[in-house]
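Chains as they are written, first to last, in my numbering: chain S, 145 to 307; chain A, 159 to 360.
What the hints contain is simulated information worked out from the structure, not anything from laboratory work.
Please read these numbers as outputs of a predicted model, since none were measured by experiment.
Incorrect hints may have been included.
[Unchecked claim] Here are the simulated EDC-like pairs of lysine to aspartate or glutamate, each with C-alpha atoms no more than 20 Å apart in a straight line:
hint, chain 1, residue 1, chain 2, residue 2
1, A, K195, A, D338
2, S, K299, A, D234
3, A, K195, A, D348
4, S, K293, A, D348
5, A, K195, A, E283
6, S, K293, A, D338
7, A, K195, A, D163
8, S, K299, A, D162
9, A, K195, A, E273
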Amino acid sequence: MHSWTKLLTISILLVLVIPFSVPWVSATNGTTVPSVVSEAEGALLSAYNVVLDAEASGANVSDLLNNLTVGGEYLAEAYVNVRLGNSAEATRLAGLCRDVASDVQSDAAALNVDGNGSGIGDNAGVIFGSVVAVILVIVACFAVWNVFKRNYRQKMTIRGGSA
Amino acid sequence: MNLDDYRRLFIVVTLCLALIAASPALVMLVPSEGDAKPFSELGLMGPNNTAENYPYNVSAGEMYNFYVDVANQMGDPEYYAVYVKFGNSSELELTNSEPSSLSTLYEFRCFVDDEASWESPVSFEVQDLTLMNEPGETPVLTVGEAVINGAVFPVDSSVNWNAEYAGFYFRLSFELWRYDSASNDFVFQDCIVGLRLRINSP
């Protein structure tokens, strides 16, 4: 009886522990995707988000997007190999994808630092320039008006005196 | 004209000049009426990268080449996935309303800048054809394998003889999905293109 209790306890523990010790991740089509492929997908998405941040700050990200596409091609091939049951090849391709994503993320982060605010700076410059131009126009027109008004009154005074 | 009339004239001229000076900032702030609704495009091009000579009469063991294109008019860079599926005409209707429930065989992933496009070559082949032609029964053709860009997929897709169009017809479809940051998942873009293939029996 004591041994049966032990066996039952161990079985329950194994049932609870095993799902968390094996790196399986659910995927589409009922195919089990190795965690390395899911991690590569996550890395690619992280890099993509950093690229979007760089783009929002005004940086030119065309080259980064092309590099991300290279990573995307590796990832797509990895998923294809998962479907075909070639886990070794899927793992290799996922590793390549992660390397590309890591490089892109670093480049995008550096671009983000260099170009931070440049896009916003361009917009602020245009607005500032327009405000200055409007102020100059108003001041200039006010000055011209004052000169015109003085000359007009002088003319009216001379005409009134000669009449 | 008296002084008051001149004053009004100066005010009008000042306002016009101020508006001209402020126009660069106004252009940035006021949305253009010409802005179209954002969209994505998915297309197939023939082997010469033109809209012709698409694969149609397909024989086993022969490779057929064409191109798949994605264009981004969403206003921002986008992350796309194109899922390739193969089946008979009842399994793949090639409508744009919803994606097929068939399993994805091959896929493409690309990151496309706004107002830019991406293209990839596609090679396609069918293998392992089986024809069942029992007397008094409608002939049935089964495609055992579909080869896409060198990857061999077991498909086991069957179709009856189409008497109206005299052939065995299958479809190769391409579905466009776009990554949505809000849902952290790919979203179907109501966009499917495909090839209607008349597969010659062995």
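Next pair to validate is A:K195 with A:D163; report whether the Cα-Cα distance is within 20 Å.
violated (48 Å)
Would the pair A:K195 and A:E283 pass a check requiring their Cα atoms to be no farther apart than 20 Å?
violated (38 Å)
Take the C-alpha atoms of S:K293 and A:D338, compute the straight-line distance between them, and say whether it is at most 20 Å.
Roughly 64 Å between the alpha carbons, so the hint for S:K293 and A:D338 is violated.
Check whether the Cα positions of S:K293 and A:D348 lie no farther apart than 20 Å.
violated (68 Å)
Satisfaction of hint between A:D234 and S:K299, Cα-Cα up to 20 Å
Roughly 63 Å separates the two Cα atoms, so the pair is violated.
Just to be careful, I want the Cα atoms of S:K299 and A:D162 compared with a cutoff of 20 Å; is the pair within it?
holds (16 Å)
Distance restraint between A:K195 and A:E273, which requires alpha-carbon spacing of 20 Å or less:
holds (13 Å)
Sort out whether A:D348 lies within 20 Å of A:K195, counting only the CA atoms.
holds (15 Å)
Just to be careful, I want the Cα atoms of A:K195 and A:D338 compared with a cutoff of 20 Å; is the pair within it?
Holds - the C-alpha atoms of A:D338 and A:K195 are around 17 Å apart, at most 20 Å.
The structure does not agree with the numbered hints 2, 4, 5, 6, 7 stated previously, though it agrees with the rest.
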